[in-house]
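Can you build the whole structure from these sequences, using the hints too?
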Amino acid sequence: MRKKNKKNTVIFSVNILLILFLFLLPFAFGFEEEEIDRLKKKADVVEKKIDKSQAEILKFSRKETTIVNSVDKIDVSLNKARRKISANKSELSILDKRISKNTNEYKKLTKKIESTEDYAAKRLVALYKMNQIGQLHLLITAGSMNELFQRKMALERILEYDEETRKAFLEDKVRLKKVLSRLNQQQLKKVALEASIKKQIGTMSQKRNTRKKLLKEIRSKKSYELAALYSYKKTAKDLDQTIESLSLKLQQDNQGKKSSFPAFKGLLKMPVKGTITRFFGTYKNNKLNVTNFCSGIDIKAKRGTPVAAVSDGKIIYSSWFKGYGNMIIIDHGSSYYTLYAHLEEVHVDKKAEIKTGDIIATVGDSGSLTGPNLHFEIRHYGKPVDPLEWLKAG
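Okay, so the sequence shown: first residue is -14 according to the working numbering, each after it adds one.
A few of these clues could be false.
Okay, derived cross-link-like pairs now, DSBU-like style, lysine-lysine, Cα gap no bigger than 30 angstroms in a straight line [stated by the list, open to error]:
{"#": "1", "residue 1": "K175", "residue 2": "K97"}
{"#": "2", "residue 1": "K162", "residue 2": "K86"}
{"#": "3", "residue 1": "K307", "residue 2": "K222"}
{"#": "4", "residue 1": "K162", "residue 2": "K152"}
{"#": "5", "residue 1": "K69", "residue 2": "K201"}
{"#": "6", "residue 1": "K163", "residue 2": "K107"}
{"#": "7", "residue 1": "K222", "residue 2": "K197"}
{"#": "8", "residue 1": "K74", "residue 2": "K58"}
{"#": "9", "residue 1": "K174", "residue 2": "K184"}
{"#": "10", "residue 1": "K258", "residue 2": "K335"}
{"#": "11", "residue 1": "K336", "residue 2": "K234"}
{"#": "12", "residue 1": "K218", "residue 2": "K197"}
{"#": "13", "residue 1": "K97", "residue 2": "K86"}
{"#": "14", "residue 1": "K97", "residue 2": "K152"}
{"#": "15", "residue 1": "K335", "residue 2": "K285"}
{"#": "16", "residue 1": "K219", "residue 2": "K234"}
{"#": "17", "residue 1": "K335", "residue 2": "K222"}
Keep in mind that the hints were calculated from the coordinates and are not lab data.
Pasting the structure below:
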């Protein structure tokens, strides 16, 4: 176990050195040797701090790591429940429309049948009177052959219409019975769906309470918070590998294609209305006395706040990612990507083409240990860049 931890520490240190090297490279030609030496020394200090923090983080017990992992498992379960409720609500909405349609059909058929029954009653009276007089009497009292022929044709048309009305009446009765049967089945299904949704919401509420208690426990002990930080570092590394893999594939697919995304540097709108609580770059957690690196910005916002795409692009990832919850990655061309994490409701699927300002999701706390917020990143060739250099000030 110690060898594995030592190996992880070495790998982490190498990654940090690589990041710092890539960051300093563009400026290397413009600085004097003294300035370069100063920056290298500063980088060494930062690297040592992170290395020390990493060593501290690796001292946790299995219990502490298990508690942190339990939060992620609850998040996954909550996400599944949320999707199930959303699907059931959509089904319920469709069902309500069908019930409304069948109810209208039932009312129309009932009205038509009542009208036919009223007509039939009047026709019975007319037929009774005709039988009293007799059809033969109506025909022989005709003043001419032409009148006789007209009376005969009129009687035949009346009898033919009566027969058609009778058949339509019987068909309407059968249709009414079927509509009523459908309505009853749909009403029963609606009751079952509503009960299922209510139960699922109750289960979600219980899981949220359990999650809340676990988070409180994590925040109450330094060792638990350190374990959470270590978990974040691991998932951040997994994310880097995922984005690098996606980036390499897209570079092959999009060779020769140019994008207008670079032209919007400093002009992009914020993806959500809120307050930035974590900025891009290296930062020190004074409470835990550890140094860490944030590859984007965290924007605090109310749960359910709409999240918008900052530029045109194509969805290349729309799924769950451990430590980041519901996550969306958009390809903007020229190897530029934006990432949106900790989402509640996701409104887009993979491969969907989106436009600037399209609402792609809502703010949530999936995968987050700090409450509802949006984690937002901009990457170029898989490497994170400071989003504030791209977002419009104010």
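Going down the list of hints, with the structure as the test:
1. Note on K175 and K97: the hinted pairing holds, with a Cα-Cα distance of about 28 angstroms set against a maximum of 30 angstroms.
2. The hinted pair formed by K162 and K86 meets the criterion: a straight-line CA distance of about 15 angstroms does not exceed 30 angstroms.
3. Of the pairs offered as hints, the one joining K307 and K222 holds, with about 11 angstroms between alpha carbons and a cut-off of 30 angstroms not exceeded.
4. Distance hint between K162 and K152 is fulfilled; the C-alpha atoms sit about 16 angstroms from each other, no more than 30 angstroms.
5. Using a Cα cut-off of 30 angstroms, the hinted pair K69 and K201 holds, with the two alpha carbons roughly 27 angstroms apart.
6. Distance restraint check for K163 and K107: the Cα-Cα separation of roughly 28 angstroms lies within the 30 angstroms cut-off, and the hinted pair is therefore satisfied.
7. At most 30 angstroms may separate the alpha-carbon atoms for a hinted pair to count; K222 and K197 meet this at roughly 26 angstroms.
8. The suggested pairing of K74 with K58 holds, with an alpha-carbon distance near 24 angstroms, which does not exceed 30 angstroms.
9. With a CA separation close to 15 angstroms, the supplied pair K174 and K184 stays within the 30 angstroms bound.
10. Only pairs whose Cα atoms come within 30 angstroms are accepted, and K258 paired with K335 is accepted, the gap being roughly 25 angstroms.
11. Straight-line distance between C-alpha atoms of K336 and K234 comes to about 14 angstroms, which keeps the hinted pair within the 30 angstroms bound.
12. In summary, the hint linking K218 to K197 is supported, as the alpha carbons are separated by about 22 angstroms, within the 30 angstroms threshold.
13. Between K97 and K86, the direct Cα distance comes to roughly 17 angstroms. Compliance with the 30 angstroms bound is thereby established for this hinted pair.
14. This hinted pair checks out: K97 and K152 have alpha carbons roughly 13 angstroms apart, not beyond 30 angstroms.
15. Between K335 and K285, the direct Cα distance comes to roughly 26 angstroms. Compliance with the 30 angstroms bound is thereby established for this hinted pair.
16. Of the supplied pair hints, the one linking K219 and K234 holds, its CA atoms being roughly 23 angstroms apart against a limit of 30 angstroms.
17. For the hint pairing K335 with K222, the CA-to-CA distance comes to about 22 angstroms; that is within 30 angstroms, so the pair holds.
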